[in-house]
Amino acid sequence: MNRHGDPSDPVFQVRDLTKIYVMGEVSVEALRGVDLDLYPGELVVLLGPSGSGKSTLLNILGGLDSPTSGRVISAGRDLTQVGERALTEFRRQIVGFVFQFYNLIPSLTARENVAIVTEIAEDPMSPEEALGLVGLSQRLDHFPAQLSGGEQQRVAIARAVAKRPRVLLCDEPTGALDSATGVIVLEVLERVNRELGTTTAVITHNAAIAAMADRVIRMSDGRIQSVSDNPVRLAPSEIHW
Amino acid sequence: MSVLVRKLRRETWRMRGQVLAIAVVIAGGVATLVMSLATLDSLTLTRAAFYRDYRFADVFASLKRAPEGLREAVEAIPGVQRAETRVVAAVNLDIPGFTDPASGLLVALPEGANAGLNRLYLREGRLPEPGRDQETVVSQAFADAHAFRPGDRLGAIINGRLQRLEIVGIALSPEFIYQIKPGDLFPDFARYGVLWMNREPLANGYGMDGAFNDLVLTLTRDARVRDVIERLDLLLEPHGGLGAIERRDQLSDRYLGAELEQLAGMAKFIPATFLGVAAFLLNMVLSRLIGAQRDQIAILKAFGYGSWAVGWHYVQWVLVIILLGLILGLAAGLWFGLLMAELYRGFFHFPYLTFSPRPQVISLAVLATLGAGLAGTLSAVRRAVRLPPAEAMRPEPPPNYRATLVERLGLQRFLDQPTRMVLRNIERRPLKALLSVLGIAMACGILMVGRFQEGALDYLIQVQYGLAQRDDLTLTFVEPTSRRAILELAAHPGVDWAEPVRQVAVRLIRGQASYRTAIQGLESESRLRRILDDRLQVRPLPPEGLVLSDHLAAVLGAGPGDSLRVEVLEGRRERLEIPVVGIVREFTGVAAYMDLAALNRALGEGDSVTGALLALVPGARDAVVAELKRAPRVAGVTDRMTAIQSFTDSMTEIVLSFAFISTLLAGSIAFGVVYNNARILLTERDRELATLRVLGFSLAEITYILVAELALLTAAAIPPGFLIGLGLIAAIVGGLDSELYRIPMIIEPNVLAFSATVILVSALLSGLLVARRLRHLDLVAVLKTRE
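The listed protein sequences derive, respectively, from chains Y and U. The opening position of the first sequence corresponds to residue 3 in our numbering, with each subsequent residue numbered one higher. The opening position of the second sequence corresponds to residue 207 in our numbering, with each subsequent residue numbered one higher.
Calculated directly from the structure, the hints in this document are not laboratory data. Careful, some of the hints might be misleading.
[Claimed, not checked] Here are some of the chain U residues that sit facing chain Y, going by a computed Cβ distance under 10 Å: (1) L210; (2) A504; (3) S513; (4) R588; (5) V591.
[To be verified] Label pairs and their computed distance ranges (CB to CB): (6) Q522/U to D80/Y: 28 to 38 Å; (7) Q15/Y to P926/U: 55 to 65 Å; (8) P233/Y to V211/U: 46 to 56 Å; (9) E890/U to S150/Y: 50 to 60 Å.
Backbone N, C-alpha and C define an ideal beta-carbon position, used for all residues, glycine too.
Only chain U is shown next, with the shape it has when bound in the complex (with noise of 0.2 Å):
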C-alpha cells in the first residue's frame, strides 16, 4: 500500500468526527432527495400497474335513463374500444351498531362476474353469486372503518326501501383509490363507502331493466378524447346525460393525481434545497479544510510531488468522505422512501407497491453530491499548490488587522481584550465569516421547511371550519325540494338554525378555460356558510353575480366585472352568462357562490333547494340524526366535524411522518453545519489560542475567545436563516397549490423558534466538544515551532 494511501486512512481516523459531520451533512441531502423520489416513483409506478391490471377506463358517463341498446351505437364511435353499460345509485346505508348517517354508492357487477373495465381487486371473500340478490362486495376502506368481514350485514335503502345486504366480499377498485363522496373535501371511509352488487336487483330497484344509467368506456391508443366526448353527449343528451368526462376529471383520479402532483412538487422543491445545501456546506468545508492543510501540501511538493498527485490524494480523501455520506444517505433514504410509500399504500388503499427506485435517482444524487464536494476540494487544493512551497510552508502573511468598527465608534473601553479579538477575527475575514453564517442560516432555513405544515394544516382547518363553515350537518335532499323543507327543520327541538342551499352542477367556461364544478346557493346574510375575503373578514354575497374563490378565479383567468358562460348540467341545461362580482380567499376545494334568489331566478326554477345547513342545539346530535336517517326525502348527511377528524387521522400519519423524517435530516445537516464550523474555527486558531496560552491566558479566556466567535456567527446567522425559511416554504406553498387544498403561508411561532433553538444546541454541543479539544493543545509545540 502506498505511503499516501496510509496517511489518508490515519488522518480520516484521526479526523472521523468531522468526516462523519461531514457525511451525515451528505447524507441528509440525499436521503431526502431520494426518499421523495423513491415514493413518488412507487406511487407513480403502483398507480400506473393498478389502473392497467384492473382496466380502469378512460372515459365517463352518467345519465339518467337509456335503453341496452345504445351500447352498440357507442361502441361504434370512433375510438373507442370497449363500452360497459352499469347501473349506479346513490343509497342510505343502515349500519348496525353506527348511529350516524352514512351514504354509499351502489355499483353493478355484470350477473354473477366481475367487471369488465374498472375490474375489482379482491381482498378478501368472493364476487357475488348469479342470482344472489342479497349479496354484496364492499370497498376495504368502508369495510376497514366498521371492521366488516365477509358474513357481516347492513342495510341499504333502495329506492326507498331498506333492504338486507350480505357482506361477501372485501374488494379495491382503481375507480375509488380516492374514496370520496362527490361533493365532499374529505375523504369519510365510516359514513360513505362503495358497494357493489349483482345488477339484476339494482336494475330492478331503480326501473333499469333492459337499461342503464351509467357508462364506462376505454379508448383505442388513437383517439381523440375531446371527439369522442362529444359525439357521446350528443348521444347521450336526449337520455339525460350529465356530460362525458374524461379520466383526469374522474373524481378518484383527479384527486389522486392532484395529491400526487403535491407530492411530487415537495419530491423537486425540498430534496433540490436539502441536496444544494448539503452540496453548498460541502464545498466551503472541504475547501477550508485543505486550506488548513496547506503546510502538508507544501511538504509533498518540495519532496517531489506533482500538483496532479497532491491533487489527486486529497481528491482521494474527499472521495472517501463522500462515499460514507452518499452510502448513509441512499440506506436511509431508500429506508425512508419504503416507509413513507407504504404509508400512502394505506391511505390510498393500493392493493400492492410496486417500489423499484429508478437508478436516476440515485445517480442523480451521486452526481450532486460528487459535483459539489470535487469542485470545492479541486478549488482549494489548486490555491493550495500553486503557491511556491516555501511561501506555503510560512505561515499565511499576517493579514491586514485593523480597528473593527465597533472600535472606530469608539467603543472599545466597552470590550475587553478577548472580545476584541473577537470581533476582529470576524471582521478581518468578512467573506469567511459570511460563508459560515449563510451555511448556519441555510441549516435553520431547511429546519424551518421540515416544520411548517403541521401548524399550516391546522391554520387551514381552523379558517376553514371554524370561521367559514360553521354548520354542524349538512344535508342533500333526493331532488329539488321547495323551501318549505327549510322551515320545518327549523322548527325542529333539536335544530338551532337552518338555512337553505341549492347546489348546481355546472360548467364555467371563459375563452379556453372552462371547469366543473358546482355553484352553491346561499343565503346573502348566510350565517352557517361564511364568505371570507383575504384578510378573513366576512362577506355578504352581492345580490346579484357570481362570486370565485381564488383558485377558480386564477384557473379561469377571470376577475370581477367579466363574465362566464355557465353551462347547467342538470334540468333543462340553461346556458348562462353570469358576471364575476368577487373573488374569496379559499385553502379548500374549488367553489364558486351565488345568491340564492339569484341563482334560482337565473335557473328559472322558483324558490327550490337542494340541501340544508344546520346549527344543532348542544346535545341534541344524535336525535336529529337519528331522524333524519329515517326522511326519505334526505339523500345524505355529512357531519362536519366528524368529517375533518377523519381527514386529520389519516393525513396527520403522513403529514407528521414527512415532517418528523425531514425534521431529522433537517436537523442532522444542520448539527453537521455548525460542528464543521466549530473545528474549522479550531483548526485555524489552534496556534494563536495555544500562544496566548503561553503567554498566560486562562483555558476559560481561550475557550471564551474560541467559543463567542462561534456565537456571534450562530446568533447573526438565525435571522438570515428565518428569511431562508420563508423564501423557501414560499416556494413550496406555491409549488402545491392545488384543487385540493392550498397550503397557507403560515409560519406558526413555534416553527422559528424550533429551528432557531435546534441551532443553538447544536451550536453549544459543538461548543462543547471543540472547547475539550481545548485542553489538549498541544503548548510545547507552539513555542517549538514556526511563527
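Bound conformation, chain Y alone (with noise of 0.2 Å):
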C-alpha cells in the first residue's frame, strides 16, 4: 500500500453519512449511510455510475453541503457541527475542489483566476508557480474563452491546488473532455498527488480511470458497496478508454 503518514490519523472520517434531497415535490434519497476514512497522501477513486451518491458524498466532504445526518470529522472537527464561518475557513485552507465544468470566472484571466484563491490563502504557492505545474506557463493571461477544455480544467486545477491544501477533490474531472485531453488532466492530478503529497480524491464513472488509483470504492444506490486497494498504480499515460 501506498500511503502517506500514519493510517491511525485519516483526513476525514465519515460515519453513518446519509442525505435527503427534496427537489419540488420529489425527495430522493442520495446516500444512505456511508462509513469511509481517507488517509494523508492517497489517491483515491470513487467509481459509480450517474446518481450513485458520490457527488453528493464529495460536495459534503468539501463542506460545499450539508448531510441530513451522521458525522463528518476532519482536522479534528465534526464538519456536520460547525457554523458558516468554520466552513468557510475549512474551504479556504484544508480542501481544493475541481469540477466537472471547471466552474472558472469568465471575467478573469487564468492567472487571475488562480489569484482569486492565492489572495485569501495563508501560505499559497504563486500563481505563476501553479499553473506552471499544470503546464500553462505559456498561457497566463488568456481568458477562460480563449481557452480549450482541457487548459481550462488544468487552470481550475492550479486554481485548486495553489493554496496548498490538504485534500483535493475532483468531480468528474475528466468528465466533459475527449480521452487524450482527459489523461493530460489526470497526469496533473497525478504529478500533484506525488509531488505536494496532497490527499487527493477523484470522483468518475469511468472505470478505466480506477486503476491510477491507490484505493478505489465503488458505490451506488447511496451506498459503498465495496472498497479495494491497487497494488500497483498505473500511470495515467498508461490507460485509454
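These two chains come separately, so use the hints to put the complex back together.
Rendered as C-alpha cells:
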C-alpha cells in the first residue's frame, strides 16, 4: 500500500452519512449510511454510475453541502456541527475543488482565476508557480473563453492546488473532455498527488481511471459497495478509454 | 488591485448597456427630485432676499383720504416699526401706437427719492428728479411688453386730465412681483402697468395735499399682526379705510405664494413618485441580476470566501451603478433646476436669482437611492449566500410547471408549443411576472404625470372662457353708476349685447373662517357670465342668496342652507347676513355670485352697477375700444381673449418646459425599466433558449418565445399603468388646489396614447436589442455545461 503518514490519523472520517434531497415535490435519498476514511497522501478513486451519490459525498466532504444525518470529521472537527464561519475557513485552507465544468470566472484571466484563491489563502504558491505545475506557463493571461476545455480544467486544478490544500476533491475532472485531453489532466492530478503529497479524491463513472488509484471505492444507490486496494498504480499515460 | 475588483471592473464594462440603463432609471428619479427642490428653493430664497433687501412692508391699508398728521398716530400703535404714507391712484393710460385700452396704478415716491418701504430696484435709468412732475418710472414687465426705454413717453389720464409723462427709469418692486390688475385672474403686462411718480404732482392731481390715501407698515419682530390691523382699522375707519391687510393677503404676495405652493406640491409629489418608482425598479432589477449570478457566488464560497466578502463584492458593484446614476441625476437635476428657476425668474420678474440648492436636497436623493439599491442587493445576496454552495452551483430545482389556465380551459389546441412555453413561463413565476408588470406599469404612470398638465390647462381655459365667461370686453366704471349706462352701451352700433355687473368688495365670514373677495352681482339669466354646475350645465342664479364657487365654499366650510356674515368693505359698510343657496364648479378664482337686484336690495343702493359685460359685433372691436378709452366714466376695460392669450403665452413656456423635462425623465425611466426587464428575461432564459436551438428550433422561433413574453408582460402592464397614472395625477391635482386656479382632473386621450406609445416603443427597441443577442448564443457551451 502506498500510504503516506499514519493510517490511524485519517484526513476524513465519515460515519453513517445520509442525505435526502427534497427537490420540488420529489425527495431523493442520495446517501444511505456511508462510512469512509481517507488517509493522508493517498489517491482515491470513487467509482459509480450517475446517481450513485458520489458527487453528494464529495460536496459534503468539501463543506459545500450539509448532510441530513451522520458525521464528517476532519482536522479534529465534526464538519456537520460547525457553523458557517468555520466551514468557510475549512474551504479556504484545507480543501481544493476541481469541478467537471471547471467553473472558472469568465471575466478573469487564467492567472487571475488562480489569484482569486491565493489572495485569501495562508501559505499559497504564486499563481505562476501553480500554473507552471499544470503546464500552462504560456497561457497566463488568457481568458477562459480563449482556452481549450483541457486547458480550462488545468487552470481549475492550478486554482485548486495553489493554496496547498491537504485534500484535493475532483468531481468528474475528465467528464467533459476527450480521452487524450483527459489523460493530460489526470497526469497533472497524479503529479500534484505525488509531488505535493496532497490527498486526492477523484470521482468518476469511468472505470478505466480506477487503475491509477491507491484505493478504489465503488458506490451505487447511495451506499459503498466495495473498497479495493490496487497493488500497483498505473501511470495515466498507460490508461485508455 | 484585488482580483475581485478586477472582476468587478470587467463585468461592469461587459454589462455596460444594462448598467447604463439602471443608472438612467436612478438618474431620472434623482434629477426630478433635485430639479424640483432646487427650483423651489431658489425661488423661495430669491423672494426672501428680495423682500428683505427692498424692505417689503408687513401691513397694507387703503383709505379715501386722511391728513398726513395721522401718520404719527399710526406709528404709535404698539408693534409698528415704521409707517410710510403714499398717494396711490388707478389711471387709464394712453400708449402711443397701442389701440387697446390700458390702465395702470400710479404710486407716489417721496420727492426725488426711492421709497423707504417697498423700495424700487432700478433696472435701467434713474428715479424722477425733485420737482420734475412729468417724470415716471415704470414696471419692467409693462416696459418689456411695449419695448419702452428711458426717454419714451406715454399719456396718463390723471383725475380726468390727460398728462404726458416721460419714462426716466424701469424698475422692479417687491410689491408688484406678480403684477396683476385687482379683480383679474391672469396678469396682462401690456394692458396693466405700475408707474411711480413724485408725490407732489400726484397729490395735486388727486386733491391729496398734506394728505394720503395709502399706507404701508413694517412691524417689530414681536408684533401681533391681528392686533395692529385691528387698531389701524379703528384709526382709519373715519377716513374711509377699506380694511388693512397683512402681507399674505397682499395681491402680489398672495398670488406668488399660491404659485410657490403649487410648485412645492409638485416638488414634493412628482419627484417622490419618480424616485419611489426608480427605487422600486432598482431593487427589482438588482435582486434579479444578482439572482442570476448565484453560481458565481457559489464558486466564490467554494474557494473559501465568506458571506461578508461576497456580499461586499456585490455591494461594491451596486455602488458603482448607483454612483453613476447619482452623478448623472445630480448633474441633470441641477442643470434643469437652474433652467427652470431662470424661467420662473423671468416670469415673476425677480431682479436676481439666488440659486443655491440645500445640501439636504442632495443628501435626500443620495440616501433614498442608496437605501433602495442596497436593500435590493443585500436581500438578493443574502438569498444566494444562504444556499449551500453545492446547491447554488446546481441549477435551481426544476420548477413546478403545470398546465396553464388556458390549457386547463382546453384552449391549448389553439396554441403552438412555443406559445404554451411562454404562457407557462409567466404562470410558473406569477410573482416575478407581477413585479415586471408593476415596474412597467409604474413607468407608464409617471409618463402620464409629465404630460397631463397641458391638456388640463386647455380644458380649464375652454370651460372658463368658452362656457362660463363669454363677454368680449369687461368694463369697470369709475364709481357705481345708474343702470341707464348699460342701455347707452347696448345702443352702440358695435355692441351686440350688454349686461350690467355690480361688484362689491366684502369680507365673508363663517365661524372662524373668513375670506376677502368680491360679490359679483349678475342678472339671473346672464348670457355673458354663466354659472355652471358640476356637470357643466348652465344654471340660472337664484333670486335671493349667495352662490359660492366650490373652492370658496371649501375655504369657508359653507354649504347650501348655511348663512354667511357679509362685511361690506365700501360705501356704507353694511353688515349683512346672507344665506348660501348654491355651489358652482369653478377652476379659477374665488368668486361669490348673487342676483344683481337682490344684491342692490341688500346694499340699499337702488339700481346701481359698477361695470358692464359686452359682446361685440364682429369687426367692431377696435372702434368700440377707441370710443371707450375716451369715455370718462370708464375706469378700465379688460379684453378677455387678450388676457387669456397673455396668460397662456407666459405660462406655456413654463408648463411646456416642465412637461418636456419630466417627460424626458419619465421616458428614460420607462426605457430603463423595459430594457432591464428584457435583459433579465434573456439572462434567465438563455440556457433554455440555446438548448432549444440545439434541438432544432429556428432563431425566429426562440426569438418569438422571448419577445412574446416581453410583449405579453408589456401589454399587461399598460392598463394598470393607466390606473397608476390616474392615481398619481389625482393626488397631484388635489395637492395643487390654490385660489389662483384648480387644475381639473382631465386626462385627454392623447396623454394615454402618448404614455402607451412610449412604453411600446421602449419594448420594441428592447426586444430588438435583446433579439440581436440571441444570434450570438453559444450553443456548444450549452452542450458542454451542466443541465
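Mind listing which of the numbered hints don't hold for this structure, in increasing order?
4 and 9
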